[in-house]
Amino acid sequence: MSNLNSLAHFWPELILTVTVLIAIIADLFYRREDSYKVAWWILGGLALTLFSIRIGGSLISSLFMGTIAIDPFSEFFKVLILLSTTLVILMSFNSKELKDYRVGEYFSILGIMAFGLFLMVSAIDILMLYIAIEIVSIMSFFLAGYLKKKPESNEASLKYVIYGAFSSGIMLYGLSILFGLTGTTKFFEMQTAIASLGSDSSLALLLAVVFILVGFGYKISAVPFHFWTPDVYEGSPTTITAYLSVAPKAAGFAMLIRFFNQVLGDGSAMTSSTWLALNGIPWPQLIAVLAAATMTVGNLVAIQQKSVKRMLAYSSIAHAGYMMMALPLMSESGIYSIMMYLTMYLFMNLGAFYVVIYVEGTSGGESFEDFNGLGWKMPFVGGVMTLFMVALTGLPPTAGFIGKFYIFAAVIEAGSQYYWLAFVGVLNSVISLYYYIRVVKHMYLIGERSETVEIPSSKLVIALLLFLAIPTFVFGWYFSPVVNWISESLVIFNGM
Amino acid sequence: MDSLTNYLLVSSILFSLGLYGVVTRRNGVAVLMSIELILNAANINFLAFARFGGMNMTGHIFALFVIVLAAAEAAVALAIIINIFNNFDTINIDDVSELKQ
Amino acid sequence: MNHLLSWIIWLPILGMVSIAFVPRDKSEVIKKIAAVFSGLQLLLAIYLWRIFDASNGTFQFMERAEWIPSFNITYILGVDGLSLPMVFLMALIGFIGVFVSWNIDKAVKGYFSLFLLLNTGVMGVFLSLDFFLFYIFWEVMLLPMYFLIGIWGGPQREYAAIKFFLYTLFGSVLMLIAILALYFTCGNTFDMLVLIDTAPTALNGMLWWGMSAIKVIWVLLFIGFAIKVPVFPFHTWLPLAHVEAPTAISVILAGVLLKLGVYGILRVNYNMLPDGVFWFAGALAVLGLINVIWGAMCALAQTDLKKLVAYSSVNHMGYTLIGMAAVIAASEMNGENLISAQAGLGGAVFQMFNHGTISAMLFILVGVIYDRAHHRDIEGFGGLASQMPIYTAFVAIAFFAGLGLPGFSGFISEAMIFIGAFPIFKTVVIISTLGILLNAAYFLWAFQRMFFGPANEKYNDIPEINKRELFTVIPLAVITLVLGVYPRPFLDLIAATLNVLIESVVSYGGLAAAM
Amino acid sequence: MISGNIITDFSLLILFLPLIAFIINIIFGKRLPRQGDWVSIGAILITLILSLSLLMNMLMNWDSDFSHEVVISWIDLGAFKVNLGFWVDNITVVMLVVVSLISSMTHIFSLEYMKGDIRYNRYYAYLGLFTFSMNGIVLANNVMSLYIFWELVGVSSYLLIGHWFEKHSAADASKKAFLTNRVGDIGFFIGIMIMFTAIGSFNFQDLFKGVSEGLVTGSLLTFAGLGLFMGAVGKSSQFPLHIWLPDAMEGPTPVSALMHAATMVAAGVYLTVRLFPLFSPEALTIIAYVGGFTALFAATIAITQNDIKKVLAYSTVSQLGYMILAVGVGNYVAAFFHLLTHAMFKACLFYGSGSVIHSMHHSLHELKDHDTDPQDMRNMGGFKSKMPITHWTMLIATLAISGVPLFSGFLSKDAILAGTLAFAQNYPQHFLLPIFGFGAAAITAFYMFRLIFMTFYGKPKIEKVFKGIHESPKAMTFPLVLLAGLSFFIFYTLPYFNPFSDHGWFTELIKARNSAVPGNPSAEEIYQGVHHAHYTAMALSLLVAALGIGLSYLMYIKEKFSAEAWAKKMGFLYKLSLNKYFFDENYNRFLYQPFLKLSRLVAYIDWDLYDKYFINGFGHVTKFLSKITGRIDYEGLDQTLVDGVGRTTQVFGEKLKQVQTGRLQNYMLFALIGVILILVFQAA
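Chains as they are written, first to last, in the numbering used here: chain D, 1 to 496; chain G, 1 to 101; chain A, 1 to 515; chain W, 1 to 684.
The following block holds chain D by itself, in its conformation from the complex (with noise of 0.2 Å):
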């Protein structure tokens, strides 16, 4: 479709630049302490940007020369990524570390974060693919290091820039040689050429995805190139962690799916529910081994960390595996259990790290220690924590089991040349047990019982623990409404 009249369609993405524009240009007319209203408008564009996605009709092509694909698949994502900005904009409210700073900027960055992160998920041109990443990569460094006072944070932003553009330069090096070895950037003629390729030029090819694959590790921080994670974690401000730890991860993933369904997979993705590796390259293998390793080293190293925070994560990197786990699958049921792993996954984690933020602001640590107690001193901060450490775990009846649930299911689906895998999985999770549950025994168990009992004094601190639990709680039995927007929205533009 010609650039003018993919305009038409790109509704969404072109709302979201306004706003930012408008953002930027009003943070300039705000005094100091009440530039966070500068949020308030951001949050509306995210609105109407929702709102356009939904009304965007369910046409299903390529935009802008075939760069960009709109498709319900794309959709589903947008939908995630601007629901975890919008979370993590409200929890920026009463972060403590954001208090003494001017926090304009910060809010249009996430703005122009999720603009990237809507392109990486729906970009179906190796060059559009790079240039998403690099956007989403240059706002993280920028809101990783937010906190210029704070030494960690800059740490965390310069090991973070440092470690992104290295992994993105390598990954445009094996671009490039894919480039090379098909002559294309386009998604669908790339795979053609690579189905025609002769086997002499498989090594390259090889070379080629390795590479590639660095990038997209680096994205989902998937081991072995998760090195970056704890360090930039624990170092940016806990909202960020957040945040990073959801929507570039679901953007990575949309983007992996897309890469290795349609270019190094028979692009009949979803018309039949399995399809293949194509020209013999074992990328299925290396990525479930990649997965096996990155929950088990994921889930290994938390389990010896002293800061909640740090342990989430290492536990963000687990979970990514169990994601991964779906991916060499190559079926309609693999995608499928990614999407609802990703859905479940934003509601409880998005909570345990707000839970964090909001201890932080009080007790002022993020140290287990400063869990000790807190059941009985905060019930419903206590009980809610219980509920996303639990769900994390991955125990029903919450949202947490039916993630995994279907992860599991989809690996055992595809047969029993992958349940290896699934064992991996199940044991990881009974690791992960220990360390999610030591939060619990920290606020229960261990802390002495205060006869005191505090609730959150913020309305706004209740309503969003409560918007997080629910679907946490609820999703965990009865998740049918999540079950249909994905079977819709598992429709992904294959180039015809």
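Hint data in this document are derived by calculation from the structure and do not stem from the laboratory.
Incorrect hints may appear among the rest.
[As the list claims (entries may be wrong)] Straight-line distance between alpha carbons at most 16 Å, and here's what the computed EDC-like set of lysine to aspartate or glutamate pairs gives:
{"no.": "1", "chain 1": "A", "residue 1": "106", "chain 2": "D", "residue 2": "451"}
{"no.": "2", "chain 1": "D", "residue 1": "150", "chain 2": "G", "residue 2": "89"}
{"no.": "3", "chain 1": "A", "residue 1": "106", "chain 2": "D", "residue 2": "448"}
{"no.": "4", "chain 1": "D", "residue 1": "96", "chain 2": "D", "residue 2": "360"}
{"no.": "5", "chain 1": "D", "residue 1": "149", "chain 2": "G", "residue 2": "36"}
{"no.": "6", "chain 1": "D", "residue 1": "148", "chain 2": "G", "residue 2": "36"}
{"no.": "7", "chain 1": "D", "residue 1": "459", "chain 2": "D", "residue 2": "370"}
[To be verified] Example chain D residues on the side facing chain G (calculated, C-beta under 7 Å, incomplete):
{"no.": "8", "residue": "6"}
{"no.": "9", "residue": "134"}
{"no.": "10", "residue": "151"}
{"no.": "11", "residue": "157"}
{"no.": "12", "residue": "158"}
{"no.": "13", "residue": "161"}
{"no.": "14", "residue": "162"}
{"no.": "15", "residue": "166"}
{"no.": "16", "residue": "173"}
{"no.": "17", "residue": "176"}
{"no.": "18", "residue": "179"}
{"no.": "19", "residue": "185"}
{"no.": "20", "residue": "373"}
{"no.": "21", "residue": "377"}
{"no.": "22", "residue": "379"}
The structure presented is a predicted model; accordingly, all values stated were derived computationally and were not measured.
C-beta: ideal position from N, C-alpha, C; glycine also.
Let chain D serve as the given structure and place chains G, A and W on it in line with the hints.
Chains G, A and W alone, transformed into the frame defined by chain D:
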């Protein structure tokens, strides 16, 4: 003496140098420069492929975009490094490790 | 009354909700609410038992409701002769448990909410006929258990709680894999009724990494259930959990939770993988034997009364396994010895129930002395018989019931198990008869050390067992005695279902496992 | 002539009246007047009357194969059915009379003997429980209910032996009794299982039928028989499970009289009598040897005991051995006959000893003397004058047990010995059995008279104790007199009057049945054998009895030669016998202690090794792994790898600072390594 392989050779050498620099350099700026090397290695690839693959201009355009993005990235990175310098009085990234537990 | 089963399951939740509205300092009210709701549940259970048609071996009072159609998940409830006694047991012990925990004073609100939640979880497992539902209830039990042990337990409570949690979770995730494997190999359904029809044949000849799928799934499920039972190598969480848990929780744990394992094996492994039964029966019997002897010997060596009782559970559940193994006697290759199959399986189910009542009684009584003396060291007493005669009398009843004395229900079930298993597993049974000697040994020895001999001045003014405690023990004692004298009321209840089960096992049995 | 359902009702009453008394007493006993002893006594007396009326009925019928069966369905799972019920025949009736008679005597005797006991009501309650279970055994028509009541008897004995549980010895004894019995019961149950597996029923008649049809044969049958017999070995305290009975004397003496002399221990014999048709020849031979050996062996222990009750205990063991021996040689009617007579005179002896001990107690109590053992015969002597009734009754009983003509013991013992002799004549290789028999007879006569002489004759050993001695009250002497009376032959040979022949209502009505096992001699053959051996046996037994009595007369009255001297002469044997051949010690050393050690070891393995190291091991391993991974993931490797890189870089003249952790490059390095590994791994 004007064949694809030579270009690829050059680019791969650049790439490896870049990698090496990233891994061994201690100076933040130096590390950034090494990264630039990697990016440009990629650029050379793009151009070379575009040129010899007898294709349209895609490669060139790609290269242009890369240059632009690299610039942006470098800008951000340098900003951060300056900030680091203000906080740590060093841009030697060995010394920037508060976060080790 | 329709939706009877749903009511039985969800009543405790209602109680939990209504407790939520009570201010935390009104502990009396909270206890009363808990008592009322579990009492209602008990009444419903009794009513169910009255109107249950014993002549019909299939599921009754079925309830079906759409749930998650996209994954063929349905809300199915049903009760048969296998689950009915367990439901009754749970209702009874749940009700009694409220009174056992009457003098809990720490965080009463939380305690009773979790207690009721636990109740729902257990009931759900016994009544649900959809695998997904089954699994959810199965896991729902864990968290309340964790808190109940971890907050209200003894000195080592945190360790005990997490150990229990990890142990059981480990088992249940393996179970999850098996459930999914069944789902995808047997026509994409969680409906147990359908699975019972399709599964036995669907897996025939299927090989995974050279192992027969039947065996793999059987073992996965078995480990999951065996940990709950607990079967020998997986039993070590039990003594710890028992010793640390508050009395009422030990009562529930020993009285009902251990039965979940056996129930699961009978309901799932036996019904859905009959070939596996034949392949595994021998091992099952041997494991049972080990449980019997090992548990008894450990019990013999204990000086902590509660630990002794805990190990006696290991020992008693061993008999159950032996009895279950006897089911294969009814197959052709074993000469269609229906008698011993019925005796063995019936004995096993009966033993489940009896162990429920007896061990509950034992733990309540242990709690009684612990509340007074604040220790459970057997050696630390002596001559109590002259100081608390009534208590002594009830302990004697419980102990004699425990050592399988005729006149108590335990004897009948154990005798049935032995008689049933003897034709097929002669050596196992002959060795395990040693168990009845060891039972007597450890119970009587403990009894002598605690109650006989010169009175210990330290406890001269120790208060006698009080009315509330009597109220918790007497019903159990009565049931044990009545069924011990005349077991038909119970056995007639399960007979029809047993025969259906045996039939379904032997009708497939041993074909695929043979190859 | 009573009709069937009346018999049913009677037997039901006989069975359940004592149980009701038990329940009433255990629950309300304390609050009832006189602590409710009258409830128990009333119940037991009614029971006695009822069983006597059954006896009358039997005598009036005069029908040797009268039987009456009642059955109720107990378990019914479709194929697996269990029916319990009664089997009333002449044996049953006689046994019922014995039980209820001795039981009522005990009730009456205890009125005085247990007066003022702290747990008076419970004592009577337990007596009721015991009577109930014992009648249950007697009435059972199938092995299962037999087993059930068997165990219940064990419990009531446990409770009664442990009646004075404050004494450690009593508590130990009760536990020992129960556990030793359980050992036997295991065999019993295995026997039941074998039988049921083969025949598919528990009912006596079905079992007999099944065996005669050859459903169980050969060694399996022998095993089954021996299994069932093991039960008897336990209950009747035969070698090697005899250890519990002497200790059981810790219980109150009336209890010893009732359970550990007359009825409960006889249950084992009753079992073998009941199931006689099931025993294969091999089994019977073994039974015979066990019985015979026990008879002699226990007798030899009894010689040297000084505790009056211990002597009686061992004589009981030995007499039971007799009965078992009789069953073994096939002459089981004689066994049952001896059971009957023995119940009478042995109970009488126990009551006698009870009354002696009672008065000893009193006199010691007067003297505030708590060191002197009231049961030690060496503290007695010359009581004849003080306690005439006790003396005479005990003397009669002793004459009976020693097998002196005119007394019941003579008849029954003679029958047994005759049977044994006949057996040995048919199978000379078993010549030992009669030797056991007659030897035991001689020794029995000896030590029984030793008891009498030491207690009632000679000079009082301790004068001041002797002063306090006086005859016991009526309630205690009445049972003595009654039972002493019942020790005369006449009650067993009616309507005939011939002190030298056991021919009478008993032999008429209790007819031997043929064994169901093919190959066993028929009842007729056995009878003939006994008939032939009769007179020789009689002569011999008279001889040995006279021998024994004479010897002890010379030793303890005339004191021609002193016991001490003899004891010294054969010091080793003396020590052996005095210490009961060190059985308890050896069992303790080689069975109990090792087993306890083993179980402690098992518990240790289970808890401190298996759980702590293996199970928790997984936890530790995981934690360890997590540490390792943490290292590798976060700190480690760089120590080696980056140093390596550093060295290479130094070649390029790059100065490398002290390697620090948390450094960015390491991460990238690892990422790189990861990539390379993947490449290698994939390209390969």
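How the hints compare with the structure:
1. Taking the CA atoms of residue 106(A) and residue 451(D), the gap is near 11 Å; set against the 16 Å cutoff, the hint holds.
2. Under the criterion of a C-alpha separation no larger than 16 Å, the hint pairing residue 150(D) with residue 89(G) is consistent with the structure, at around 14 Å.
3. About 11 Å separates the Cα atoms of residue 106(A) and residue 448(D), which keeps this hinted pair within 16 Å; it holds.
4. With a C-alpha separation of about 8 Å, the suggested pairing of residue 96(D) with residue 360(D) holds against the 16 Å cut-off.
5. Proposed proximity of residue 149(D) and residue 36(G) is contradicted: the alpha carbons are some 28 Å apart, above 16 Å.
6. Using a Cα cut-off of 16 Å, the hinted pair residue 148(D) and residue 36(G) is violated, with the two alpha carbons roughly 26 Å apart.
7. Taken as a hint, the residue 459(D) and residue 370(D) pair is broken in the structure, with Cα atoms around 23 Å apart against an allowance of 16 Å.
8. This hint is violated: residue 6(D) has a C-beta 18 Å from the nearest C-beta of chain G, more than the 7 Å allowed.
9. A hinted interface residue such as residue 134(D) counts as satisfied when its beta carbon comes closer than 7 Å to some beta carbon of chain G; here the least separation is about 5 Å, so the hint holds.
10. The beta carbon of residue 151(D) comes within 5 Å of a beta carbon in chain G, closer than 7 Å, and the hint placing it at the interface holds.
11. The interface hint given for residue 157(D) is met, as the beta carbon of that residue sits about 5 Å from the closest beta carbon of chain G, less than 7 Å.
12. A cut of 7 Å between beta carbons decides the hint on residue 158(D): the least distance to chain G is about 6 Å, and the hint holds.
13. Given the 7 Å rule on beta carbons, the hint for residue 161(D) holds: about 5 Å separates it from the nearest Cβ of chain G.
14. Taken as an interface hint, residue 162(D) checks out: its beta carbon lies about 6 Å from the nearest beta carbon of chain G, inside 7 Å.
15. Hint status for residue 166(D) relative to chain G: holds, with the closest Cβ pair at about 6 Å, below 7 Å.
16. The beta carbon of residue 173(D) comes within 5 Å of a beta carbon in chain G, closer than 7 Å, and the hint placing it at the interface holds.
17. Checking residue 176(D) against chain G by beta carbon gives a least distance of about 4 Å; that is within 7 Å, so the hint holds.
18. This hint holds: residue 179(D) has a C-beta 6 Å from the nearest C-beta of chain G, less than the 7 Å allowed.
19. Annotation: interface hint on residue 185(D) holds; nearest CB of chain G at approximately 5 Å, less than 7 Å.
20. This hint is violated: residue 373(D) has a C-beta 24 Å from the nearest C-beta of chain G, more than the 7 Å allowed.
21. With 7 Å as the threshold, the beta carbon of residue 377(D) stays out of range of chain G, its nearest partner Cβ sitting at about 27 Å, so the hint is violated.
22. Interface hint status for residue 379(D): violated, as the beta-carbon distance to the closest one in chain G is roughly 31 Å, over 7 Å.
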